[in-house]
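Each chain is listed here by its residues.
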Amino acid sequence: MTARRALTELVTERILARSQGVGTFVSDSRPMSSILEIRSIDDEINQRGHRYDPSRTIRAPRGNQLNAKSWQTEAPLRMLMNNLDPEVAEHPHSLVVYAGIGRAARDWQSYDKDRYLSSDIENANKLLVNRSLLDIVDIELL
Amino acid sequence: MNNKSSVQARFVQIKSALLDKIESGEMSLGDKVLSENQLA
Chain A
1 MTARRALTEL
11 VTERILARSQ
21 GVGTFVSDSR
31 PMSSILEIRS
41 IDDEINQRGH
51 RYDPSRTIRA
61 PRGNQLNAKS
71 WQTEAPLRML
81 MNNLDPEVAE
91 HPHSLVVYAG
101 IGRAARDWQS
111 YDKDRYLSSD
121 IENANKLLVN
131 RSLLDIVDIE
141 LL
Chain B
143 MNNKSSVQAR
153 FVQIKSALLD
163 KIESGEMSLG
173 DKVLSENQLA
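Chains as they are written, first to last, in the numbering used here: chain A, 1 to 142; chain B, 143 to 182.
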């Protein structure tokens, strides 16, 4: 009973994985952290192989000057950038928008690609097909 | 130590031992864990 409880908790924490009739296996060789250890979210993100770049500060453009090729694509461009505004995002230098894991882009390279596509494509439908923005924000097209 | 707390202590021991093995690298991704009966 005690062993079962220990295994069940580790399965719940996704450190172990159970396979019916086969056994229990290690599913994560790098547990997030020991219980009493408090680490910075940026270190945690770095250790998981995600990019942390303190040199980049993103602020969405404001006002009526167009930065994309059309207002249709200006909107998602500003949304993407606004997600990473230091006044909005939880850890903007790690692309984390909320809850420690919700990121605006997979990595800075993906962010740059999204940013480039937003400013280079005129049609919003085409833009959404071409970029990973669909994963990030739910946009209802007119 | 009453029965309830000794059961709890045993459960924590088993869990800690498994975590230690994983953190130290003794057990790694994909390794099979001993069965419940073997761990008990």
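There could be a bad hint or two in this list.
So the derived label-pair ranges between C-beta atoms look like this [claimed, not checked]:
| hint | chain 1 | residue 1 | chain 2 | residue 2 | range |
| --- | --- | --- | --- | --- | --- |
| 1 | A | Ser70 | B | Lys174 | 53 to 63 angstroms |
| 2 | A | Val22 | B | Glu168 | 38 to 48 angstroms |
| 3 | B | Gly167 | A | Ser19 | 20 to 30 angstroms |
| 4 | B | Ser166 | A | Thr12 | 19 to 29 angstroms |
Since the hints were made in silico from the structure, they are not lab data. Where a beta carbon is used, it is the ideal one built from N, C-alpha and C, also for glycine.
Quick one: are B/Ser166 and A/Thr12 within 19 to 29 angstroms, going by C-beta? At roughly 22 angstroms between Cβ atoms, A/Thr12 and B/Ser166 fall inside 19 to 29 angstroms, so the hint holds.
Within 38 to 48 angstroms: is that where the Cβ-Cβ distance between A/Val22 and B/Glu168 falls? 21 angstroms, violated
Between A/Ser70 and B/Lys174, does the beta-carbon spacing fit 53 to 63 angstroms? Check passed, 57 angstroms falls within 53 to 63 angstroms.
Could you see if the CB distance from B/Gly167 to A/Ser19 stays within 20 to 30 angstroms? This hint holds: roughly 23 angstroms between Cβ atoms.
Comparing the model with each numbered hint stated earlier shows that hint 2 is the single one that does not hold.
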